[in-house]
Amino acid sequence: MPAKRTLFEKIWDAHLVAQPSGRSPIIYIDLHLVHEVTSPQAFDGLRVAGRKVRQPSRTVATVDHNIPTEPRGTPITDLIAAKQIAALQANCKEFGVRLFDMDSPEQGIVHVIGPELGLTRPGMTIVCGDSHTSTHGAFGALAFGIGTSEVEHVLATQCLAQQTPKTMKIDVRGRLGEGVTAKDLALGIIGQIGTDGATGHVIEYAGDAVRGLSMEGRMTLCNMSIEAGARAGMVAPDEKTFAYVKGKRFAPRDGEWGMAVEYWRGLPTDEGARFDKVVEMDAAQLCPFVTWGTNPGMVAPVTGRVPEPGSLRESDQRATELALQYMGLEPGKRIEEIGVDRVFIGSCTNSRIEDLRAAAQVAKGYHVSATVRAMVVPGSQAIKRAAELEGLHRIFLDAGFEWRESGCSMCLGMNPDILQPGERCASTSNRNFEGRQGRGGRTHLVSPMMAAAAAIAGHFTDIRDWKFR
Amino acid sequence: MKAFRTHRGRVAPLDRINVDTDQIIPKQFLKRVERTGFGQFLFYDWRFAADGKKKDSGFVLDEPRYEGAGVLIAGKNFGCGSSREHAVWALADFGFRAVISSSFADIFANNSAKNGFLAVRLSESEVAELMRRAHEVNDYQVTVDLEQCEVRDDQGFRAKFSIDEFVRHCLLNGLDDIGLTLQHEVEIAAYEELHPAPATL
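Residue numbers (my numbering), protein chains in the order written: chain A, 1 to 469; chain B, 1 to 201.
Just so you know, these hints were derived from the structure itself, not from any lab.
Some hints could be false.
[To be verified] Under the rule of at most 27 Å between Cα atoms (straight-line distance), these lysine-lysine pairs were calculated in the DSS-like manner: (1) B/K2 x A/K52; (2) A/K364 x A/K467; (3) A/K240 x A/K4; (4) A/K83 x B/K31.
Only a predicted model underlies this, so the values are computations on that prediction, with no experimental measurement involved.
Input sequences plus hints: build the corresponding full structure.
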């Protein structure tokens, strides 16, 4: 009888090119996504060594990190950013790489456009010089972030030499309650296992709560895998996955579609396959979460309080004290009493159509608090168009939210969308690191619904008690 | 790549856990298209005020006793978060040859290995002991020896570390691993023959 294998092992085995003795296995990369920030030095490396892009047809680029979210056509005032964008344009031209440029109707955050163009598909190996590449694992692909040297490696060889990661199953039983989203599930997991809880591992998310998530929800969950230290996160492909991929621009068609689906159906983990680590969780125990500190593992239920450092493990006490000092929070303060100055709805974690629908549902009939500046940044031009077709932009604009062009925006503040020192932000992004959204800025990670509610109330509030209008 | 065999140098202690790459090199410096010149921006927001002046609070790297340090010692989960290789470029450009911690984020560890920069994993108690010595001993120095896979000092500290054998081989010999992968051209071409890129892509 053949060995029982996990989803990860099936994809890994299918992509092994060589296993030189005494060296790391060499695996083939099906899709390489490229953006402006982590690629210029890699293309330079190719030029210096006189190498080409081995498979331009497996390489796709877009601009997302640096670009302004002002109306397109507004000149880029940051000259260094403009230079980096120009470098990507020149590199793509020189090396024959397809670029979805700033004025392209397909432009968007690299982890948003991969799936929506049907570039991301089950069973693939996908890399990008960006840690949130784990997002694509939602399709049952093995997708992980790499550094610039490895970007150059993949450009030159379409392969990577990689140590074989370990496997971890996170089994989430039961159903998520009303108002509890994929984002809360991700924050709940990281809060439990810690920001290094999955280091060296590829996570497979399983269980009824995960199966019950939409593709957008699965992308949110897999996106945050890196915040638990994981090499990648995955969800086994199923009918939902196939329905999402079908008909997308680069998806297989006609006869190829049937063959692809047949292959994909064989990918889920075999019954009885072994994982190096298993974590079990009960979805019913989860609630809407808000981070209070300076890493995504520092979370509390919205009904909870900022922790007392003395109540924590000794090793975490100093980190907690430093975090609270940076965040300007008193231990014991109720989360719902924390006021916000800014709200950001966007990022590769939570900028998809479903996220915008959820936030709009909350915002409908209300107005953003007079003391809050709130912005909505769709993940891609396609999402922006879809949202406008549904009239979501009207709801946001009427409620006093800004409605902007697509990009990474204030998730990492490489463009002009940043927090001012001391400003406190409810953000649907993935990292609450010191200064992440702007020097001295204070980030609290939440779901899109929780962010919209905070914008209106002016402070965090339990979405489960929201009066929808 | 610059080879790493052994390095003896002054130790700077950064007594924090979960140091993320956003702290090591803040995003405003990622717009450069070069690989060089990032050292001046290392731990920028911790070291410099918003106006660009050095903070009075005295970040550890700016204390005269740690000037010229070649080895950084830090708490667990060093280099977590963003994949930015600029973090390693900044550490190396600042003058560090190695960082010692009880654990590293995967992408940071990978990026280190590609730059002749050594990420050394020791136990939590060994890291704590080195941290204590770096605080207490004036001009505290260690030798990081990749040939022996060992960290040692002149005061009797000696600890073995483990590292992936292939990574060690590449570091010791300063090998360009793109070149190594391309030695498998036959296998790569054979794989591509069997798995052609979809025409639609």
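Against the structure, the hints:
1. A C-alpha spacing of about 23 Å is found between B/K2 and A/K52, which places the hinted pair at or below 27 Å, so the restraint holds.
2. Distance check on the hinted pair: A/K364 and A/K467 sit about 10 Å apart at the alpha-carbon level, within 27 Å; holds.
3. The hinted pair formed by A/K240 and A/K4 meets the criterion: a straight-line CA distance of about 24 Å does not exceed 27 Å.
4. This hinted pair checks out: A/K83 and B/K31 have alpha carbons roughly 8 Å apart, not beyond 27 Å.
Violated hints for the displayed structure: none, as all numbered hints are satisfied.
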